[in-house]
Structures are given as C-alpha cells and as structure tokens.
Amino acid sequence: MSQNRPAAFSSLRMGEVIREKVQDGVTGETRDMQYTQCKIVGNGSFGVVFQTKLSPSGEDAAIKRVLQDKRFKNRELQIMRIVRHPNIVELKAFYYSNGERKDEVYLNLVQEYVPETVYRASRYFNKMKTTMPILEVKLYIYQLFRALAYIHSQGICHRDIKPQNLLLDPSSGVLKLCDFGSAKILVENEPNVSYICSRYYRAPELIFGATNYTTKIDVWSTGCVMAELMLGQPLFPGESGIDQLVEIIKVLGTPTRDQIRTMNPNYMEHKFPQIKPHPFNKVFRKADANAIDLISCLLEYTPTERLSAIDAMVHPFFDELRDPSTRLPDSRHPNGPIKDLPTLFDFTRHDEDDYDRRPQRRRYEEPLSAKVRKQLLAIAENPMRRVEDEISSIAKTVCDSYEDEELRNVFYDLVVQLVVEQPFKTPFVAAVVLVINTMRSEMAMEILNRTAARTNKKIQEGEWREVKLLMKFLGGLQGLLEGDGVWIVLQDLLTKAVDLQTENNEETIGPELVKIVLFTIPYVMASSASSQQEKAAGMVENTDIIASEPHVLQSLVDPYPGNGNDEASAPNGVLSLLQKQLQNEASNEWELSCLPRPWKVLLETEQENPLAATTKHLLPTIVIPDVVIPGPRPLFPELYFSVYAHQDVETVPPMTDISSCLLRDALVDTINILDFNRNATARFLIDIDCYFSPGTFVKRATPFDRLRDVEGDKSTWKPEDVAVDAVFSQLFQLPNPEHKLVYYHSVLTESCKIAPAAIAPSLGRAIRFLYRNVDSMDLELSYRFMDWFAHHLSNFGFTWKWTEWIDDVQLSPIDPKKAFIEGALDKEIRLSFAQRIKGTLPAPYQALITEGKEKDTPEFKYKDDNVPFAQEGREILELLKKKAPEEEIQVIMDKIRQLALDMNFADPLVPCTDAYMTAICFIGSKSLSHVLSSIERCRERLLAIGPQSSDARSQIIDSVMGYWKDQPGIGVNIVDKLLNYTILSPSSVIEWAVAHNGRRLALPYVYEMVGATIGKVTNRVRQVVSAKHVPSLTPEQKLTMEQTVGLERQSMKDLFTLMEDSLVSWATGSKDQAMETGDGSTGEEAMVRQWGERWLRVFRRKFAVEEAWFLEAERVKVDVEVGTANGETVGVPGAEDAAMGEGVTMDIGIE
1 MSQNRPAAFS SLRMGEVIRE KVQDGVTGET RDMQYTQCKI VGNGSFGVVF QTKLSPSGED
61 AAIKRVLQDK RFKNRELQIM RIVRHPNIVE LKAFYYSNGE RKDEVYLNLV QEYVPETVYR
121 ASRYFNKMKT TMPILEVKLY IYQLFRALAY IHSQGICHRD IKPQNLLLDP SSGVLKLCDF
181 GSAKILVENE PNVSYICSRY YRAPELIFGA TNYTTKIDVW STGCVMAELM LGQPLFPGES
241 GIDQLVEIIK VLGTPTRDQI RTMNPNYMEH KFPQIKPHPF NKVFRKADAN AIDLISCLLE
301 YTPTERLSAI DAMVHPFFDE LRDPSTRLPD SRHPNGPIKD LPTLFDFTRH DEDDYDRRPQ
361 RRRYEEPLSA KVRKQLLAIA ENPMRRVEDE ISSIAKTVCD SYEDEELRNV FYDLVVQLVV
421 EQPFKTPFVA AVVLVINTMR SEMAMEILNR TAARTNKKIQ EGEWREVKLL MKFLGGLQGL
481 LEGDGVWIVL QDLLTKAVDL QTENNEETIG PELVKIVLFT IPYVMASSAS SQQEKAAGMV
541 ENTDIIASEP HVLQSLVDPY PGNGNDEASA PNGVLSLLQK QLQNEASNEW ELSCLPRPWK
601 VLLETEQENP LAATTKHLLP TIVIPDVVIP GPRPLFPELY FSVYAHQDVE TVPPMTDISS
661 CLLRDALVDT INILDFNRNA TARFLIDIDC YFSPGTFVKR ATPFDRLRDV EGDKSTWKPE
721 DVAVDAVFSQ LFQLPNPEHK LVYYHSVLTE SCKIAPAAIA PSLGRAIRFL YRNVDSMDLE
781 LSYRFMDWFA HHLSNFGFTW KWTEWIDDVQ LSPIDPKKAF IEGALDKEIR LSFAQRIKGT
841 LPAPYQALIT EGKEKDTPEF KYKDDNVPFA QEGREILELL KKKAPEEEIQ VIMDKIRQLA
901 LDMNFADPLV PCTDAYMTAI CFIGSKSLSH VLSSIERCRE RLLAIGPQSS DARSQIIDSV
961 MGYWKDQPGI GVNIVDKLLN YTILSPSSVI EWAVAHNGRR LALPYVYEMV GATIGKVTNR
1021 VRQVVSAKHV PSLTPEQKLT MEQTVGLERQ SMKDLFTLME DSLVSWATGS KDQAMETGDG
1081 STGEEAMVRQ WGERWLRVFR RKFAVEEAWF LEAERVKVDV EVGTANGETV GVPGAEDAAM
1141 GEGVTMDIGI E
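Going by full-length UniProt numbering, the sequence shown runs without a break in its numbering and finishes at 1151.
Calculated directly from the structure, the hints in this document are not laboratory data.
Backbone N, C-alpha and C fix where the C-beta goes; we use that ideal spot for every residue, glycine too.
Now the in silico label distances, taken between C-beta atoms and shown as ranges:
1. Glu549 <-> Glu1114: 23 to 31 Å
2. Ser812 <-> Gln1037: 53 to 61 Å
3. Pro329 <-> Val742: 54 to 62 Å
4. Gln1037 <-> Gly155: 58 to 66 Å
5. Val187 <-> Val742: 28 to 36 Å
6. Val891 <-> Asn997: 28 to 36 Å
With a Cα cut of at most 25 Å, we get these calculated SDA-like pairs of lysine to any residue:
7. Lys977 <-> Ile889
8. Lys184 <-> Lys371
9. Lys855 <-> Thr799
10. Lys92 <-> Pro56
11. Lys714 <-> Ala586
12. Lys496 <-> Ile622
13. Lys286 <-> Asp330
14. Lys496 <-> Ala452
15. Lys371 <-> Ile185
16. Lys457 <-> Lys496
17. Lys53 <-> Arg84
18. Lys371 <-> Ser441
19. Lys184 <-> Pro265
20. Lys1102 <-> Asn736
21. Lys714 <-> Arg385
22. Lys838 <-> Glu804
23. Lys699 <-> Ser593
24. Lys882 <-> Ile923
25. Lys374 <-> Asp675
26. Lys861 <-> Ser933
27. Lys535 <-> Asp484
28. Lys1016 <-> Thr982
29. Lys374 <-> Ile673
30. Lys374 <-> Arg454
31. Lys801 <-> Phe272
32. Lys817 <-> Ser794
33. Lys457 <-> Gly483
34. Lys73 <-> His85
35. Lys496 <-> Ile624
36. Lys1102 <-> Thr1068
37. Lys276 <-> Thr302
38. Lys965 <-> Pro842
39. Lys21 <-> Glu104
40. Lys977 <-> Ile923
Construct the complete structure from the given sequences, taking the supplied hints into account.
Next comes the structure, spelled out in structure tokens:
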C-alpha cells in the first residue's frame, strides 16, 4: 500500500480545514465533519491510518482509509457499527471518497485516536534489555480477554490478534482492540478461509488448513501475545506455516492423531517427527505457577480444550488486578506518579457463579426456513453424520411445519435448485422427497410439478445440461411415479434424437439428447422403483443406432490424433462408452455399485413394505417440441480423457466400468456449474467420497505404493485421482473448454491448498503422464498443459523434480519435449524473474536461463560499432528521445538507405526499418505505456512502411522479436499492439510466423502470437455477424452489415487459406527450404513435418469451428425473424451490444 497521502490529504497545510459529509458510526445519520492536521501514523497491506484533529473541538481522531470494492459491503464497517465496549476502539463516523483513478472508491473510518500500541510498549522494554513488568502483562491481557469475551458472545471472531492491533493509552493503562478488517461473524458449518491471522499468532488448526474453526483461534493468538510480552520476543516465529508449526512442535510436542483430527478432520498427512513437549516452566523460567498454568490452558492443540475468553478472565493469574490496593507504577519513568488501575469488572474467582457465563442469545431467532435451508444444503457433506438420519430429520421438520408457507416455498425452490447446482446430492435430495411423500404426499406432488415445469422451460431454451440434471432427479423419484413415469419422457427424447440424426448425421443435438437418456437410466435403476430391468434394457438397446456410431466431428476433438505411443489411449466417445457400460450393467442385474441408495431409509420403519404403501403420482407432462435448439453452449462430441488410465494399479475406474462415466459426469457438471466459486468447487472435489457408495474409494490420501497392499477385490480408486482427472478433462476439452482456462487452473490450485497431502502426489503423476505424451498430444492441448504447469508451479514456490527430465535438456530445440521445457521456463520467468527461476533448477538446466534473460532491459544493439549502421542507429535513438521532428529523422533514414544501396542490400528499406523499430523498442523498454507512447508518436512513419515493402513490414516483427529475444512474451505483446494500430496486418504476422522458417513452428511464443492474431480476426467476424442479426436495424443498416459480414468473412477465409498453404508445405516436406536442406529423412526434418501436421490440425479445427458457428448463427436468424413477426424477443446473444458498438474492437487476447 502506498504511503503517499490520498488526494483528499495531498495539499493539506497545517491549520487548513477539511470538510466532509459523514455518517454517524452508530445511527448512520448524515452530518458535517471538519478536521485539520493530517499525518500518517500507520499503514499495512490494506489501508493507511491518518491522525487528524477534529474541529472545532480539537479532539484527536484516527481515519483509517481502505479501498472499497463497490460490489460488496465492507465487513469491518458492518462489525464496528454493532460493537460498543470500553476495550474496543470506537467508530465515530464513516464516509466514502473517490481515489485518483476512475471508479476508485475509498472507505474512511473515523475512530478514536489512541497514541500507543502494545507492540511499541514491548519494543521499549526490549531496548532497555528487560521485559514488560508482569503487572502490565496482567492488565493488558485481562483487558484483551474482556474485549474478546464481548465480541465472542456475539459470534464475532477477530482473526488477527497481535500486539500491533492492541492500542494502549499510557496515561491510563486502558487497552483497546482495533483493526477488525479480518473479523467475521462465524456461522456453524459455514466454511471460512484458513489463510487468516498474522503468522506468529496463527492457531495450529489454521496451519492445518481447517475451515470450520471457532473463536478459539483468538484465544490461541492471545496466548501467543501473552507469551511474547513475558519473553520479550515471539514464542512461535517462522518464515512460513511449516516453519511456525515446527516451532510449535518444539514447545508443545508432536500433536497426536486425535488432536490433528479435532483441528481439521480433513487433514490426512500425519508424518511428523515424534518430539516430546518442552515444559513451560523451562520456557518461562521467571514466571510464577499461575502464569504458566494460564499459558498452558491457552496454547492447547485441541481447540475445545482451550479456555474461553470469559473463563480466562476468572483465572487466578489476574487476582492481583482484583485486589483494591493494587496500583500501577509508571514503569517507563521511575519517578513518575503511581496511578490507579483503569476501571475493570469487579469479578473474582470466588463469585464465578454470579456471572452469567451462558452463551448470550442471538439478536434474533433464526427462522425455521433458514435452518431447513442450511440442513438441506449441507446434506451428505459431513462423513461423521449418518446421511439417513439427515434425510429423516429434514423430511420430518418440513412436514411438521407444513403450515409455514415461507418454509414450504423455500424448501420447494431449494430442492429444484440444489439438484441443478450440486449434482452430487441428487440421490439424497430424491430420498428426502421420497420420505416426505410418506407423510405429506401433496408436497411431493408440488415438487414434481415444479421440476417438470423447469424441465419444460429448459428444453425450450436448449439448456441440455440442466435438462439432464432434472431428468436424473426425476429418475431418482421413479419409485413414487405411476405407470411408466420418466420412461415416457426418455422415449420422446430418443425419438427426437433419431429424427434429427436421420435428417443430418452431423447434427450435434441428437447425441446430446441420447446422452440425457443414457445418464438418466442408472438413476432410475438405483431408485426405489422395482421391475424396471426390461424397460431399461430395451431403452439401452434402442440407443445403439446413435451411440454406437462415432460422430463425424469426433476426429476434430481427439486429444491424441496420432504420432503417439501405446500409453495415449485411442479416442473413446463418452456416448458409445456409456452405452456399452449400460449393456454390461444390464447383464449384471444393474449393480451400479457406485451410486448410493439413501432411499433405503424408508425400509428402516416399522411399517411392512413401506415402498408399496406410499402414494403414487402421475408425472406432469414434459413436452419435446418439434424444433429443438442447441442452446447457448456449443455442442461437440465428447471424448473420455484420462491422465490415469494406464497405470499398473487402478486409481480411477477403468473405462469398462460404468462408474467411470457416472463419476466423471457428476464431477464435470459440478466443476462447470460452480465456476463462480472456485473454493466451493475445490471443497466438493476433495469430499467426493461423501457422495457415493461406501467402499467406492480407498481412504483419502492413501499413498500410491500402498494400493498394492489392498486386499481382495476392494477398490483401489483414489478419490483425489478421480477428481483431478475430471478437472484435466475440462482443461483439455476440445475445441474449447466451457470456461476460461484460468478457472480450471485455480480449481487445481485451491484443491492442492486444501488437501496438499492428497492432491500433490496425484498432480505429480498427472504431470509425468502428460509430459511423456506431449509429442503425441494435440498441439493446442500441449500449450494448455505448458501454461497450466508454469502457472501451477508459480503458486507453490516454482518447485518441481526437474532432475527427472535432465536427459531431455540435450535434445534438439525443435524436439517437442525440449520445446516444452524451454517454453515452460519462459512462462515461469514471466510470472517471476529469471534469477529466482534459475535458482530452482539443477545444473544442466542453468544454460537455458541465458544472461540476457536476467537483464531487465535488453542492450541496444547499435551501441556496438561492429553492428552495421551502428552510428546511424544511435543517431535515430537520440532524435527519438528528443522527440525531434520527422524531417530530422528522415535525413538519417535516407543516409541508411544510401549506405544499404552501396552495400547491395536487396531492399534498403529493411535496415532503415530495423534501426527505427529497434530504437522504439529500446525507448519503450521501461514499461508497456512507454512503448505504446513511442509507437503512437511514430505511428505515421510505421504505417507508411507496409505499403512500400513487404520485407520491411516483416522486418518490424523481426526487430521487435529480435530486441526482446530473451523475453519473447513482451515481444508478442508489442506485436499484438502493432496489430491494434494496423501497423501490421494479420497476414503479415502469419507470413512471418509460418511461411519462411519451419523451425519457428516449435517456438511456443510463435504459436501464442499466431493464436492471438487469428483470435482477433475470428472475434471480429463474430461481432459483425451478431450485430447483423439485431432485429431493430433499418434496411439500409442491414445492407451495410451484410456487406461488412461478407468482407470480414472473406478476410478470415483468406487468412486461414494462407495458414493452410504454408502449413501443408511444411507438413508434407514440399516447402522450398525443406527441400533444399535434405530429402526429409533426417530427424530434424521429420520433426519439422510433425510440427507442420500438428499446427495444421489445430487451425483446420479453428476454421471448422468458426464455419459451424456462422451456420448456426444464420440458422438462428430465421428464428429471429419468426420471433419478431410473432412479437417475441428472440436473438443472438450479444447482438444488441455488438450493434450498439459495445465491444466491437480488434483488441482481444488469445482465449
């Protein structure tokens, strides 16, 4: 955080009055406030604190200024407005102010000013070579407990107790707790972040990654503060969480498994050195027995064993404060006056029962609907609770309170919402409805009505994933449906799919409908319904006509298209795979071992045959319309991708087992639905074993080597492998993943942070598999792997076992494995800096980090007199620095041109361009804004170069990439900006990248540059096509847009044709350069051909995707016109924005 004064304070002089409209800290009423004399008295990561003097009272105040995200309420403000206590700093007022940047808003908290902190007081005694007097320790810690007892009674946890946040008035001895920026009202069973609290004072459960902690973390922090005041230094210092844990173990000894379990039940790593505890009386040699006893009661591993704040207040350690004769000497001034203690509670250890120690009631009684909502949302999440009991409890509560209309509506809405947002819980929610049906059948009927209505709506909208999730839920309710139930809907879906495929075998909606049918059948067969085997077998057989045939587009999305080894499996379409698995299940009496049967709770009742006695309902009508639409998500054939499929021990279900598809389907849906909350997604992935049948997985974090010891036919499937496999299947989804790639990166990162002992080894095996197959993998996927690999390492200290790949360092630069290594290191350097990355690498890799990569600014090559035109290059640089007129620069350019002609240069404009562009790069090397400013000034000359000479235009790219050869990412960024300025054309970039030098195809940054260029062109086409389809256009505008679309599409086709022609030449070995260098039989020539083939496949796919999108957009145009004629609002998503000029720009990044 900058320590500069904000704009409001920057010009303030002593005595000058600042006026603000503020809101009262208690009532919120608006009033005027005036203050003078501002100076910084504190700053941190999130804010700055200024000391001010209020006018006209002259009272000192502190203004804490923090950046405010306008999307959210400020939690610190909300909490400070409700707390009032003599040992908590008072909020006087608050107001908002604008920052220097656009849309930058700051929250200003006006608080009482307290001049000292406990931290500074402790530092004073350290400088005096002593420790704080024990009476002062008692006084400050007692007051801290008073503040904590108060906030804890309201459910508030401070979460950042440390000496710096304890304000102190030296004149009175009053302590006040401040900085509630990390504070939160803790709600039972609601997860919280574990990376909280300053490190030296962080409770061990936080280090172990607990998210369901309590206010006892504040108690631990208080124990650490007390120990620090008594010792004069922190008790548990450490540079990281692990370091701190080591320091804790040195004192408290190694925690037992039970203690670790109480701190975090999900922590699976128990390998700690066995160290005996160090007695506290040896740690605090000068402390009395009461002090040691209190410290030991605060610094307990088990949170429930720690004293509460109110219990700590009655500890004998504080008896001296309760003695009326106790006075407070001035420890800093020996001759200073002795003062009375500040006012404290008259509370002794003998009248403990007189103090109401019961938890205070919340300010409001939580509505029953909210309780039921929490119960249903948390169903099956806790492995310590029997899920059948949860189901019965929820059903009974809802039925007993049937008259509560709010409860009913909340429950109805949540049931339908839960099955489409958290697919893991579908069988459990269905079981709740089945139990409710035995008590209140009308409630079950209402849920059926709402589910069917939503299904019909989603069918109309083409939201096929949600249709599938709702059908799976209805399948789980088949036992309470009359007649054929969901089979009727499944047959209608299958009939529509067959009709669509008959009309057009390239249709993608038909296979999507069949997928819904096939994924619903297992949930029907695992439901409470009986005698469904014949219907299921017949339905599976009927899907064979579509499911068994590979889709014509399947080859486009194959992750391993060829040139691979046996480890990279042949493509398996999910549809055909699932259909075969269901046929196997039909012959095995539909065991479906992974799916839970929580409905069996009904069999635990005393009623005889309760399933037969329940009320049956007709399934409300679900209509499949004559015209179905693909919906907002592009539909392509889905292949089953796994990074763990070929191991000597099965850690994921084999593709012959239906569990592979059922688990993957639930995981993938969860990952893609919860994209708005990566932490929740990661938590669901870690807890996957809670939602499937017991015995489906081995215990979490079981080491791979121990799987060989699993006895008999027990499962060896690792839950973390199954979860990681699903994330990679989406990260490597072709042609495009559903969400931005960084989302899947973040899910893996968060999963690794939550359960490092479980996830890290799984990721290690995945990385090794992907690296072994990087040369046979689709080129686009290999670069996705590279980006994720570098990004992931950046989140975990850039550590990897590079020694495993040492042999590959000696490979040719155009070998795919060597290209991957160099590309990954370049990405790491972009995310950090060269010296740091170099320090993480073994000796054989050191040469890959050249000296040039370690320099922040590349050298200006014309400084060397041996470089041609060195003198002229330096002169151009000086003129550009001085912003000289173009006429002066032209003189030097003419001089270079003449010299080049004398030296028989084929094109004398090339050296002129090189000198000019290199000077621009050098001037702009300080920052992106510098280079943009330089390009802007020189734009006219650069624009004139292209029409004069194609070689000179290519030289612009050569100069940029040559100057930034050691940091090519910056060069790619500058080329991207030159495209935006139209100094370069997309075709010139493509020609430079792929037309003349086949070895460039192996350079990751060249692929990055080409991908970004193609992305600009295709994005432009999509924008103008979307704009063309806006219904409100006039005939003249429509004609103009039609012409624009034609021109833009032709430009796109020309660009792809240029790509095709160049890449085919490299792929077939017919390029002039390739033919001149040999007969194509050498290793390097073969690798160039391979690179050409891989590039060709990627960009053929991209062109096919764009053509398919255009055809679909044109088909939607008909719907637009029909909808407009009928008075409906139908259109292409984003068309209105495009027509209004919103976002119609060339400036987009790659994916």
